[in-house]
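Trainee: So you can see what is in the structure, the chains are spelled out below.
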Amino acid sequence: MKTKTSVFEFDEKEHDQKIESGKIKPIHLPKIDSLSDVVKYQFCSEIIALKKEQKLQQIDIAKMINVNKSEVSKLFSYELSKFSQERLMHFVEVLIANGAKIDLDKVWEKIKIQSSKLQKKLKKNKVRAIEARA
Amino acid sequence: MKQKNLVTKTLADAVDFDGKVIQKISFDLEHINRGWDSLKSDYNPTRRSNYTAGDIVEFFEQFGFYTIEWEDKQGGNKETVTVRGKKHYRYTAYVTDHKASQQKKIVIDIPYDFKDEGIVITVY
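As given, the protein sequences belong to chains E and B, one line each in that order.
FYI, in the working numbering the residues of the first sequence are 1 to 134.
FYI, in the working numbering the residues of the second sequence are 1001 to 1124.
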């Protein structure tokens, strides 16, 4: 039975056009497969949270950390592969030096929590790989 | 969509999604694997992927890992759409298909009158 008005009757071509025209900019869920990815993700999240809390624009953050508009856009879309761990940490250091209220103890606490999630994910992936081989 | 193809899965761990706690997701696997021909109002004849319900759950679970700034604005990643006369938030993101090592687009709807269920519209 076809339901013409079903929620699932979605036009992907139309949606892709919205993406190509810039009307929609999908968020990139970064691939987190390592502890380094967890650290990069968390420092990036802190910058995003700071923008939100202080009601700043991306351009304000760009000026503070001395990057261009295109780079800051990648940062806010979690394109982590474009940034090294050291660079993201440096951005946070610069923001703190500029008066941003980022609690590094809490950041590391969150990294600990995310690391536990990563551990679970890696175990799950291992189980799935074994199941796929069986 | 054919009613028989509608799948609802309860998540092992609830996912916090844009401030809403999602405990289950529903989706149409045929739509995801074949896509939709809006002119013929039917699934495309050929399959483009072979995702299982478990794969779709895994894609959705990826959101549990991140703090995401969803933005409902021009050039954002969240829109308001009206489906069957009901308002939904529509979210677009790239998730990782670990099997194929590729990024895939995922479109998720959350109705305004959300209870505990998210709708995975498509993955492509």
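What the hints contain is simulated information worked out from the structure, not anything from laboratory work.
One thing to keep in mind: the hints can contain errors.
Unchecked claim - Subject to a maximum C-alpha distance of 20 Å in a straight line, what follows is the list of computed SDA-like cross-link-like pairs (lysine to any residue):
1. B:LYS1078 x E:GLN57
2. E:LYS51 x B:VAL1015
3. E:LYS120 x B:VAL1015
4. E:LYS110 x B:ASP1018
Trainee: So, for every hint listed, does it hold in this structure?
Mentor: Checked hints:
no.	hint	in the structure
1	B:LYS1078 x E:GLN57	18 Å, holds
2	E:LYS51 x B:VAL1015	24 Å, violated
3	E:LYS120 x B:VAL1015	15 Å, holds
4	E:LYS110 x B:ASP1018	18 Å, holds
The earlier numbered hint that this structure contradicts is number 2, and it is the only one.
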